[in-house]
Each structure stands twice: as structure tokens, then as C-alpha cells.
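J.: Chain residues, written in single-letter form:
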Amino acid sequence: MSIMIPLIVFSLVIALVVRFMKTQKAFAFTVRLGAAGVIVLSIVYAVCNFNNVVTFDLSNYEWIKYPVLALELLITGYIVFRGISSKKFLVAIFATLQFGLIAWFELTQENNITVKNDIYIDKISLLMILIIGVVGGLICLYSVEYMKAYHHHHPEFEDRRGFFFSVLFLFTAAMFGLVMFNNMTLMLFCWEITSLSSFLLIGYTKTDEAVNNAFTALVVNVFGGLCFTIGIVILGMHSHVLDFNSLMNLSNNNTVVMLAVLLIAVGGLTKSAQMPFSKWLLGAMVAPTPSSAILHSSTMVKAGVYLIIRLAPLLGSNAPGYTVAFVGGITFMYGAFMAISQRDAKKILAFSTISNLGLIVTCASLNTPEALWAAIMLIVFHAISKALLFLTVGSTEHQIGSRDVESMDGLVNVSKAVSMCLIIGIAGMFIAPFGMLISKWAAIKALIDSGNIIILLIVAFGSTVTMFFWTKWLGKIIANAHNKKKIDNTLRFDEKASLFSLSAMVVIVCAGHPLISKYIITPYIQNNMGINFSSPIDPVATTIIIAMMCVLFILPLIFVPLYHAHKEKPSSIYMSGENTGDDESFHGSLGQVQSVELQNWYMQGIFKEVKWCSWASAIVLVVGLLSIVGGFFL
Amino acid sequence: MNMIKKSPWILHYDGSSCNGCDIEVLACLTPLYDVERFGIINTGNPKHADILLITVSVNEQNIPVVKQLYDQMPNPKAVVAVGICAATGGIFKECYNVMGGIDKVIPVDVYVPGCAARPESIIEGVVKALGVLESKRKANEE
Amino acid sequence: MGNRTIVPFGPQHPVLPEPIHLDLVLEDETVIEAIPSIGFVHRGLEKLVEKKDFQQYVYVAERICGICSFMHGMGYCMAVENVMDLKLPDRAEFLRTIWAELSRIHSHLLWLGLLADAVGFESLFMHCWRLREEILDLFDMTTGGRVIFSVCKVGGVRKDIDAEKLKKIVEVLSNMDSSLRSITKIFLSDTSIISRMSGVGVLSPEEAFDLGAVGPMARASGIVVDDRLLGYGAYPHVKFEVQTATEGDCYARTKVRINEIFESISIIKQCVSLMPSDTAIDVPVKGNPDGEYFARLEQPRGEVVYYVKGNGTKFLDRMRVRTPTFANLPPLLHTLKGVDLADVPVLVLTIDPCISCTER
Amino acid sequence: MSFFQMAKTVLSSMFKKPATLNYPVKPREYDPIVRGHIEIEIEKCIFCGMCQRKCPTGAIKVERAEKRWAIEPFDCIQCNNCAESCPKDCLHMHNTATPANENRDLIRDARISVDAEDNKDS
Amino acid sequence: MQNFKIIGKDDLLSVATQMKYDHYRLAQISCTKKDKLDLVYSFVKDYDLENIRIELEFDEEIESISGIYSYAFLYENEIKELFGVKIMRISLDFNGTFYKIKKTESKNGEVAQNG
Amino acid sequence: MNTVLFVIIKILIIVIAAPIVGGLLSGVDRKLSAKMQRRKGPPILQPFYDVIKLFQKETTTVNNFTRFYVAISLFFTIFTVVLFCLGMDLLLCVFSFTLACMFFVIAGYSSYSPFSFIGTERELIQIMCYEPMILIAAFGYYEAAGTFSIGGVFGLSSPVILKLPLIFIGLTYILTIKLRKSPFDLSMSHHGHQEIVKGITTELTGSSLAMVEITHWYETIFSLGFVYIFFAYNTTASKIIAAVICLVVYFLEILIDNTFARVKWQSALKYSWIITLITGALNLLYFNFFH
Ligand code: NFV
Ligand code: SF4
Ligand code: SF4
Ligand code: SF4
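Chains as they are written, first to last, in our numbering: chain A, 1454 to 2087; chain B, 508 to 649; chain C, 195 to 554; chain D, 2 to 123; chain E, 75 to 189; chain F, 227 to 517.
If you're looking for bench data, these hints aren't it; they were derived computationally from the structure. Just so you know, not all the hints are guaranteed correct.
Said to hold, decoys possible - In silico EDC-like pairs for lysine to aspartate or glutamate, Cα to Cα no more than 20 Å straight-line:
#1 C:Lys353 x D:Glu103
#2 C:Lys245 x B:Glu601
#3 B:Lys512 x D:Asp32
#4 E:Lys119 x C:Glu244
#5 B:Lys512 x F:Glu284
#6 A:Lys2022 x B:Glu631
#7 D:Lys18 x C:Asp247
#8 F:Lys266 x B:Asp578
#9 C:Lys361 x D:Asp32
#10 B:Lys600 x C:Asp247
#11 C:Lys480 x D:Glu103
#12 D:Lys27 x C:Asp484
#13 F:Lys266 x C:Asp247
Stated by the list, open to error - Footprint (simulated), chain D over chain C, 3 or more residues, beta carbon under 8 Å:
#14 383-396
#15 450-461
Heads up, the beta-carbon is just placed ideally off N, CA and C, and yes, glycines get one too.
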């Protein structure tokens, strides 16, 4: 407890302070301080508590629920107000319902429930804290310069940086809370704050599109919150359980409990943008990039899967387990398929986030040790790589003025640094020795062992498709576009610091994954499941993977002397004999000189967003309903 | 061991000629003449080719094309001019849009006569070109 | 910056035997625009009439194109003969018809091979060209040249085919029949080929008319045009059917041409049996052409128009050819839009393009 | 519609003798009618110049005064027009082609023996 | 002998429209350059050939019929480039880049043409 | 110490023998194809002549990276084949193989030339076509053999094929793509004429092209290795039979190569996935249900 307070309080203080700042200098100072503080504190915290599970009981602080309720009232009030004034009544209704329910429950029903360990920080919470602290901190650090440039490039938007940073830190504080609380009502409170922050940041630019998308996100998240609340209320009233630890001890044969679990899981699914709720995450991409990075890929959406991991012991081979796993599987495939037809880098990232979250959800809900291992590994790798990718896309946008993948050809020529980071980030997402693939490997093993053939097939197809869209992006970056002009590299120190640290983390975490596995994940699984368990990737394979990694970094170095020794004759590219001589254009028809343009394939005819979205939603809904009907009532 | 004689890949360009020689070049690839016996492949890509089989008399427009194709071929390379069009412009040499033989643009190593050149003559020309390639390679090495 | 892909297709390109350039604007692999650029084969040989006398010019005319070379010579001669009011001996007409139809077979077989190649079917290409060699051997045997025959002249033909050789021709054609049928059957019934051809590049009859398609291209769209019905050469004496199809796609064009091969074989056989036994193969040519005439005849690729205008001297005023490919270019450009890049070679080939004819 | 339409042709081809002529290992025999290159019986020639006038490409040069008859093989299209128009019938189309050469300015001058001239050119 | 109907250049469009209406196909457009430009438009219906002749001075302009026969643009570009016939409003005008023939400037700045 | 030495020698043998066998196979392929086309065809050793010639030729480049990516691709292909022949984890082989393919694709992208670019896109589509089936084959193998380890196959008492007949059919189908045979030689073709010229290798010359060719030989071995493990088990006879079946499959591929037109990418993708789904899914489901 003692040290948890600094983490949250520190973030809150920064959030408060930065709200009233006006000048770039002040922002720079406070945000840097805040970021550094968050990073350092979370690491210190993790190191200090590495070997013990921190628990804390709030039973002596009964009063705490009143300020919490008051704050929730405030939030609800705000949401209802915004909803009504923008004619988004659904939001208002959901929010009101939710608040009414939780208030009724807490004020009248909660008394007879005892919560043991309101705060319970085990290995996985620790891991989440590290991710939130380090990755989140780096993102905050990055955003200082980014936001400056952002407003420089977009003079049409009102400069509300104070507000922006403030929400960012508020969110960080909420996230810390979210992963620490064992008590579901308190967790729900943090959950709401994250939804609200997301809403505020998506609507940051106040354009119509932004506001609309913000509301879409809010509707979905509040709906998720509502489901969560209902789940909590059911659990509380039926089983007198309000914390995850006790929840785990419940039998998973009880229909009512399982219904509640399913509802909570739905909360998780909304937050992690699973089908059919994924639409909001795409809309969220209108927000400034750092907020997309932190909220919509690295941390907030992870809250959803975190929740499902917490629920995992009750899932598995039962109706909610299958449903959630299936939803995850479908989302995995849907996200991957949709990413093919996108050319906006952020959209690709968004779809790929959706897709990866799907895989995590699937793994988490299988409730086998290997699957859990894979899920947690995926969270780690994904958080780092995606944060890196988002930030790099942000920088790229500022360097070349566009985040269209097609305009990234020859990015290597423009900025070595940015493209290196981009390459590492992309490689981290799918190429062999890198992290995501390791986890996928474990996931595959888990899927086979648990006999989930359908999902296995989905994974086989989904992974393939994933590879397609990443590779073509990668191809664009490294394409030597014969681009002689070099744009000045305008990367600032903060940007560089966070980009490089994240890149390094991608590599280090990947090479060091056996350690993470050994010291964090395996103990967690052993504790939780009470079984003896070791990493699903056997040591020989790990060695080979690390060897591949080394080779990947050493080979280029070997080639350097070879290059100096063997000078190839440069040659122009083949253009059927019509080259004008500069490799950039050819003599075209009508006597004109055409410049070479190469566009990747998007197959928009096949991978139509609307079509697939409705199909995937329909499948998910039908399967969900069937399994609920089948699982609960038959 | 030098392999260029055992695997000469050809590029075929057909400029301002009638198709006579062109189809005879193609005929060389077909079962009756089957130049793949000698490892000859019609690559269709200057960057892979060793021998440029050219059946054109050039006009203004073809000049840069032919030059470029020739430049893009890696050394050692040889040029075989097939048909009298490619040699001198043949029957078209008095046309206003014909510049004459291909040697106006790039150096030619072997000329194959005939209008149209017979596949046998073309094979003969290619075989001669192999000798040229060989000596060019030697010259390169020195 | 890639907002679309622009591919410089040609002049040197392995699927285009001849130099022509297309700017193909692609989205994914779909062609959204195809703009041609020609002129690589333009020699300007129409103007050569001013330098070669009208007798010599036959050799230039047949070198407009090496594939349909015989009928170029024949068309030119027909035009001049009409200007000069020459009536050829029957045997010459029959001989011309035999050679013309053999040329058609050779051209269609060559084309079938190229088509096979365009759909990526190398072994089929080889088999088609192997069969074609048998026709070329017939040329070699009767004219002394494999692709350029130099047998036409104003006023008749320069070489006779004796009875023995005529028998040989019929024999060879009859022997070819079975292998020809088995090869062409592959084109018409193999799933993998059909999947590449049917439904690709559909040209409706209205479009075919509006865009001025001629020859097999028009016939595949259900338009009955065949200049052989005009009754030049020995065609009035033989029976043949104009081959048409209705689908208007690449498959239909293939079908039409394949049927034409068999039709030609039957025409040749009829010619051989109807061949008059008198031995005159030419008429003496006196004087110089004066006047103008449009001769039209059916090339393998469709209608060719020969226009000559003489002024009473050895040298003609004007000679003009309008070749079938020239007329078939607009339909090609029209159908290219919206197909896949992989269809481009197939589509380009099914008009059976001959650029050297087109640009002269 | 059927798959493997081609298989029959292809498989049976495997057991047939290849159609390849094996040129140049086995030299090609040409039909006498084949148009390869023009040869002259110079003794018969009266240098009338008819062939030069009839030749569509101007491959033949006849100089009456010097009694010189020469042909540029790389200009000749083997049309046989000269042979047909020669009053003395001294031009003949031979059925073998002029060999490929590294030099195109090859002039077959009838006054010089063919072998000697080949040596000179290469 | 074939007959050639001589019309004035202003009648071209109406004649062409009529031909199209009668379902004639444009077989070719040709030009002969002597002391005048001699344009011949040939139309074909089944096996019937109609020739329309127009005589033009060198600097006279003439309307394109590519609006009526869309594929006429090829012929028109051809004669425009080779003979310097001033054809106006061709639907797709290559502006002298159709054959891209070698242009030798003569003394009076005129481009050497086919005719 | 001895075992280390032994492993090193083994690796050396694999690295040297694989391309020799691969090259010979491709020579046989060319000879047989020629026979099928009633030609005499090139000598069996022709692929080696070609590759040696390419090494002897000048290498031109359009930029400094392409060659390097090709080399890495070759390296990882060799790596894969070594892993495979040493009996390592099958899934790992598949992953490292994919990495190799990826580098090849990157090489294609880096040249930024229209034809090579389109070839690259098609190559990616091709990978998309065959990857699911290869993954599923690996999954099936795991279910049937109880391990991902390739070496494990020699401890089985019955061949894997008995349990995975459908997957084997699907795999043979997909190998056509991997061996770059018609109808699936979309991205680059061994035959001369294609709408995208030489596709992905358009810009490669000399030694770079030679490396691609060698990569292909290794790939052939890897692909046939996949066939091999379906038939081999713990008897010696089975190993011979498996080797013979590899040859039969290779012959079949040549036959298919010569009897099909090239398909378009849409059909390639559609049919590959349908076949993958039918064979892979049915077989896996069946297996899972009854075992
Ligand atoms: N186009 C054309 Fe020709 C034909 N048939 C003729 O006039 O081929 Ni070269
Ligand atoms: S040499 Fe004769 S056959 Fe060959 S392209 Fe020239 S004109 Fe045609
Ligand atoms: S026409 Fe005959 S005789 Fe006269 S110059 Fe020629 S070869 Fe001699
Ligand atoms: S054969 Fe023809 S081209 Fe040759 S020299 Fe005689 S007339 Fe001239």
C-alpha cells in the first residue's frame, strides 16, 4: 500500500498540475518529470515487490466508497450531460442505468459482503504495472514534442495541450488502480475513468468526426461498463463475492455465476474491442497519436484482456469459455483480414491491435497453462511493439507529412532512425525470432493440446494474412525509391529517447523472454493453477530462436566488408526499355514522361470492411447466443 | 571452368522489322530446333541475358530502347543481328523512318543474313556469338 | 508515391512479341486505364512506292509482315491487277488460295501457341509450334521460303505447285488432322485454360460494331463478316462456312480461330481437287497502272484494305494498307479496362495483334 | 470442362522420339527449291545490268565497264527476281544460306574467288 | 471500277452521320498528298464499299469524325501526323506523337511529312 | 566433443548435399519437361552450368540492399533445411522458412521496379496461399506424431500418412506453389514468358540471381522433406519407400507443370484456401474426434 500511493498520487498530481500550464516550457518540464517519475516509480515498485504478493485490505476504510460513488456520480453526470447535449441518448441511458445500479448495490446490498484483499498485486499485476509505467511513461515523454509539432502542423485545432497531458496522466493513474484492485467495484471505478479518458482524448480536436467517434467509443465502453456492473451485482447478490480471488474459488458449474462471468467478460470484450464491438477502436484513431498509442493499443485495451485473464480460471471448457475463445478467434481473423485493405498506417495498427487482442482473448479464455502463458507473453510483446509502432507512425507523419503507407516508400532514405524503429516494430509483430511469433507458437501448442481445431484453423489463416499486410508495409519502407532528396531529420530528443528505448525493449524483451517466463509468468501460472509448469517453448528451440536473432543482427555486419570488396556495377531498373535514365520515370504514352508509381495491393474488393464486419458480427452473435442458450439452458 | 558457353541466355528484341525473323527466332525455341539443348533460354529480360538477339532495323523511337536494353545487360555480352533488316535495314533501308542496321546504335558481334533468316542460320549465328562471348570474357579478365 | 501502379508494358516485353507500349495503370492488379503508344515498328513503307516500281513493290508489300506476308503480296497484286484490268488464269487463283489458306493455318497455329504461352502453358505452346512446322515445311517445299514466299507477282504467281506436291499437301494436312484435333481440344475444353479465357474481355456485338472490329474478333462477337465471301481468288469455287461465335470473349475468339483452321484445311483440299489442269500461272503485264482501287481481302486477322493509285508511270502515286490489327486496336483498348494484369497478355493476344502490319 | 486434358499428349510425348532435328550436329539437307543465296556463273554474264535494275533492294552492283558483278549478301532478300530476269540465265538461287558473319560489309565480288574473299573478311 | 463520291469538307459530318445511321462501318481514312490533300473515307456495309473523297488545301482545317465513329481517332491521328492534315477536335489527340516519326526541320520550318 | 564434431560434419553434409540433389532434380525436371514437349532438352547438369555461369558473370545492382536481402534469404533457407534434416522442431522450421521467404520478398520490394514489385506482391499472395496449409500440416503432424520434432518420426510405429491422408493431398497441392510450378508460377516463372517479365527476380543479375536459384534448390529439398516425413517411420524400408514417393510426387509436379495454364492470383488464393480448408480442416477435425 505504502508504495502504491506514490504511483497513483504522483500521476494524479502531475495530471492536476499540468492542466493549468500554458507554455511549451512548462509542459516540457512537467510532462518529462511526470514521465520519468512514472517510469522510475513503477520500476522501483516492481523491483521492491518482486518476490512478494502485495495485498491490502480496505475494510477499515469503509468510507472510501462514498467519495468513489460521488466521483462516479460526477462522471456519470458529465457523461449524461454531454450525451444529452449532443443528442446521444444511448450513452446517457447506459450511464444512468449503470450508476443507478451500482449506487443501489453499494448503498443497500453491499454490506453483507466481505471483501478480502481489496488490493492484490501479484506477478501479473506487477507486469501490467511495469507495462503501464514504462511503456506509458515513454509514450508520455514522447508526446511532449509530438503535441507541439501536432499543433504546429494543425493550426486549425484549438491548442488544449494542458488538458491533453492532464487526461493522459489521469488515465495512467486510473490504469495503475485498475490492475491493483482486487475489489471489483473499485476496479469498475477505474474502468470508468479509463473509458472517460478515452472519450475525452478521442474528442480532443473537437471536429465533428472526432466527437462522433468519441461518442461511439463511449457508448460501447459504457455498455461494457454496464455489463460489468450487472455482472458484479449478480455475483454480489448471488454468491456474495466481490473480488477476483474469491471468484476463482467459485464453481464453474453454477449457471448464475457463469452468467455473471460472461457479462463481466463482455465488459472485457468491449474494452478490448472484440467483435462485434470493435468499431470504436477504429474511430479512436482520430485522436492524436500518443493517445492512440497509450490508450488504444498498449494499455487501456489491455485492461479488457487483463480482466479476462483474471476471469480465466472460470472460463475454459464451458459455454462462456468457448464463446469468448470463439469471439477472440473470429476477431483475430477479422482484424487481420481487414488490415489488408487499409492504407492508413494508424488504421492498420488499429486493426492489427484488434486482431492481436483477439488472439490474447482466445488464449486467455482457454484456461490452460500454455495458453495463459501465451496470452501474457502476447500482452507484453504487443504492448511494446505496438507502442513503438504508433509512436513511429506519429514521427513518420511529422517527417513526411502523411501516414499513408503508400507515401512511405523509401522512408529509409528520408530518415534512418524512424525507419529503423518502424522496421523493428513491424518485425516485432510477426517475424520469426521476434516476440509475437514466440507467443503465437505457444498459443498454437495450447490450441492443439486443448483440441480447439476451429480456432486453430482460424489462427493458421489469420497469421498468414497478418504476414501479408505487415510485409507489404515493410516493403514500402525499405523500398529504395531512388529518392535522392533527403528531408531533414527533425526528430527531437524526447522522441528519439522514447523511440529508441522502445525499440531496444522490443529486442531485449524478445531475447530475454525466457527470463520473463521464468520469473514472472511461470510462477504466476503455478500459483494460480497450482500445477507444475514450465515454458512451453523448449530450451533448444529458445536457443535456436536467440541464435536466429543474433544472426539477424550480425549478418548485416558480416556483409559490410563484403560490400566494400565487391563493388557491383550500378544499373538502371528495367522498364521495358523506356527508362528515362533516372529510375524515377519512363517515357509513357502520348509523349509524356510518366513517373514510376507503385502501389501495394489492398484487395478492397475482397476485403470490404462493411461486408466482413457484418458477417463477423453476425457469426459472433449467433455463436454467442447459441452457446449461451446451449450452455445455460440445456 | 567457364560456363558461359554452356548456358547462353538470350534476350530477343524485335524492333521495326516485319515479323519474319522474329517468328523464326521463336521457332528456334520450339521442338524442331530446340536451342535449349545448348542451354539457351529466352529470358525476356536484359538483366539475365548474355546474348541480345535483335531482329530490327531501327527507327528513331527504337534507338533509346535498344541502347538501354544493351546497357542493362551485364558483361560479358554479345549482340547478334538477325536478318538483313538488322544488318543494313534491308528492304526498308530507303524508308523515311528507318535509320538502317542495328550497328548504328550498338556494336554488333555477329550478323545473320537472310530475309527471313532461317532457324539454322540463327543457331549458327548464336553459336558464333558464343565464341565472341568467350573471347570477351577473357578480355574482361585481363 | 504510390496512389496507383503504373506499369510500362513494352516495347521490350516477353509477352509482346512485337514492340508496342502500353501505360497500364493498375489498382491492385486490375487495369483501370491502358494508354497505347505505338510507332516502334513504323517504317513508312507506304512511301516506298515512290522509289520501287510497282513490280518490285510486291516484295516490299509482303514484308509488311512476316506472318501474314503472303496475303499482303496477294492483296497488293489484286489491287494493281484491278487497276490494270488483268484477269488471272484460274490456276493462279487456285494457287494463291491454297497458299493463302495455308498461311491462315500457319498464322492461327502460331497464334494458338502464343496464346498458350500467354496463359502460361509452355508445353502446349511447344506442341502448337511443332505442328506449325509441318505447315512451314509445306511452304519450304512449294515456295522455297519458310515465312516469306515471294511467289506472288502482278499478273499471277511465280511458281507452280506440281501434282505431286499438291498430293503431298493434302497428305500432310490429313495426317495432321488427329494431332491438330487433340491439341485444339485442349484449348476448348481444358478447365485451366477456360478459366483464363471465358468471360475475359467480352465484346458485345454492338460494341464490336461501334468500335469497328473486324475478322475473328468481330466474328467471335457474332458479326458475320468475312471478306472471302466477296469472291476473290478461288473462293467462289469452294464451299466454306464463316465461323462465328456469340460470347464475344477470349474463349469465343479462340473457338472461331480453331474452327477456321479446319475450315481452311477443307478449303485447301477442295482447291486441290478442283485445281484446273491448264498450266498458265500468269498473264503478261503490259503498261503501267493508271487509276485507283480498293482491294479487300480476308487476312488471318481480318479484313485488310489495299488502296493503290497509279498515274500511268512505273511508280505508283499512293499505296495504302489498312490492316486488321489497326481496326482491332480500339476494341482491344476498350476491353482492356477492368481486366487483371494477368489477363492483359491473353486479351492482347486474342485480337492476334500484329504491330508490324498496323504501323507499316 | 476437364482437368488433365493435356496429360495424354504430354505423357505419350514422353515415349515418342523427340521431334528435334539436332541441327547443327546433323547438318540440314535443304530441298533444291529453297532460296538460300544467289550464285553467278560469271563466265556467262554479259554485264547487262538487268539484275541490278530488277533487284528490289539494290543488292547487286554491275559495272559494265570494269566487267564487275558483285552482290552484298546482307542486302539480298532472296527474292529470286534477278535470276528470273537475267537474259543469260547465269544467276542461280542456291539452297544454302550465306553463313552468319561477324562483318556485314561482305561483298561477294564475282571476280574474286569466294574462299579467298571469306578469308579477307574475317 | 469503284466510285468515289466527292463532297465538300463541310458535308463530312453529315455524311458520316448518315453512314453511321445506315449501319456502315468505317473501313479506313487515307490521304494522298499531291498538289492538294486528297482524303478518302471508306465505309463498308456487309460487302458494299462507299468511298467519300474530300479535297483540301494544305492549310485547310477539317472536323474530326471521331465523335461519330469513335475509332476514327486512330486514322485521324495517323494522317494528321504523316501528312500534316489539320484535323480539329479529335477525341484522343496524340498531337504528333502517334508514330513519333523522326522530324527533320526543313528550311521554312515546315515539318517534313510523308506526302 | 565427439558429438559436436559429429553434428558439425552432419551439418556440412546437409549444406553441401542438399543443393546438389536439388540441382539434379531441377535438371531432371527440365529434361523431363522437354521430353513431354517432344524436345531433346538440355543436359541434366544444365542447372549447375547456369548457376556457375551466373557466378562468373558481372553482377549489376539497382541498389545496395537487394543482394544482401537475397543472401539473407538464402542463409535462412539453408538454416531451415539444416534444422529440418537435423530433425528439429517442425514449427520452428516453418517459421524460419517463412523468415527466409520474407527476406526474398523484401529483396523484391527493395528494387522498386514495376515488374519486380508486382512479382513481389504476387509472391506475398502465394505465401498467403500456401502458408495455412503448411501450418496445418505441421499441426496435423503434431497431432499424429505427438511431437513437433521431426526426428520423432523415426520412432513411430506407423507412418503419419495413415492418420493424415487428406492433409497429405492438400500438401501436395500446395507444394506446386512452393516449387514454383505452373499453374502457380505467378510471382516468377522458370519459363520465359510472363506478363511480369521475371517477376521478383527481374532486377537480379549474376551472383544474386544465382543465389535465388540455389535458394530454390534448397526449397525443393525442404518441400520434398515435408513429403518424406509423411511416409517414413521406424523401419528402414519405409525410408526407402518415402524417398521413392518423394520422387513420384516430384514427377507429379512436373506433370502438373506441363498440363496446366497459369492461374490468376484470385483463383490461386481461392482454390488454395478451399483445398486447405477441406483437406486440413476435415482431417484435423476427424482426427481430433476419433483419437
Ligand atoms: N494485322 C495484321 Fe496482318 C494479318 N493477318 C495484315 O494485314 O499480320 Ni502480321
Ligand atoms: S530481314 Fe526480312 S524477314 Fe527479317 S525482318 Fe527484315 S524484312 Fe522481315
Ligand atoms: S542480268 Fe544476268 S547477264 Fe545481266 S548482268 Fe545480271 S547476271 Fe549478268
Ligand atoms: S535475290 Fe532478289 S534481292 Fe537478292 S539479289 Fe536477286 S533480286 Fe536482289
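J.: Against this structure, judge whether each hint is valid.
T.: Each hint, compared with the structure:
no.: 1; hint: C:Lys353 x D:Glu103; result: violated, 34 Å
no.: 2; hint: C:Lys245 x B:Glu601; result: holds, 8 Å
no.: 3; hint: B:Lys512 x D:Asp32; result: violated, 32 Å
no.: 4; hint: E:Lys119 x C:Glu244; result: violated, 32 Å
no.: 5; hint: B:Lys512 x F:Glu284; result: holds, 15 Å
no.: 6; hint: A:Lys2022 x B:Glu631; result: violated, 32 Å
no.: 7; hint: D:Lys18 x C:Asp247; result: violated, 50 Å
no.: 8; hint: F:Lys266 x B:Asp578; result: violated, 33 Å
no.: 9; hint: C:Lys361 x D:Asp32; result: holds, 17 Å
no.: 10; hint: B:Lys600 x C:Asp247; result: holds, 16 Å
no.: 11; hint: C:Lys480 x D:Glu103; result: violated, 44 Å
no.: 12; hint: D:Lys27 x C:Asp484; result: violated, 53 Å
no.: 13; hint: F:Lys266 x C:Asp247; result: violated, 47 Å
no.: 14; hint: 383-396; result: holds (count 5)
no.: 15; hint: 450-461; result: violated (count 0)
Consistency with the previously given hints fails for numbers 1, 3, 4, 6, 7, 8, 11, 12, 13 and 15, ordered from lowest to highest.
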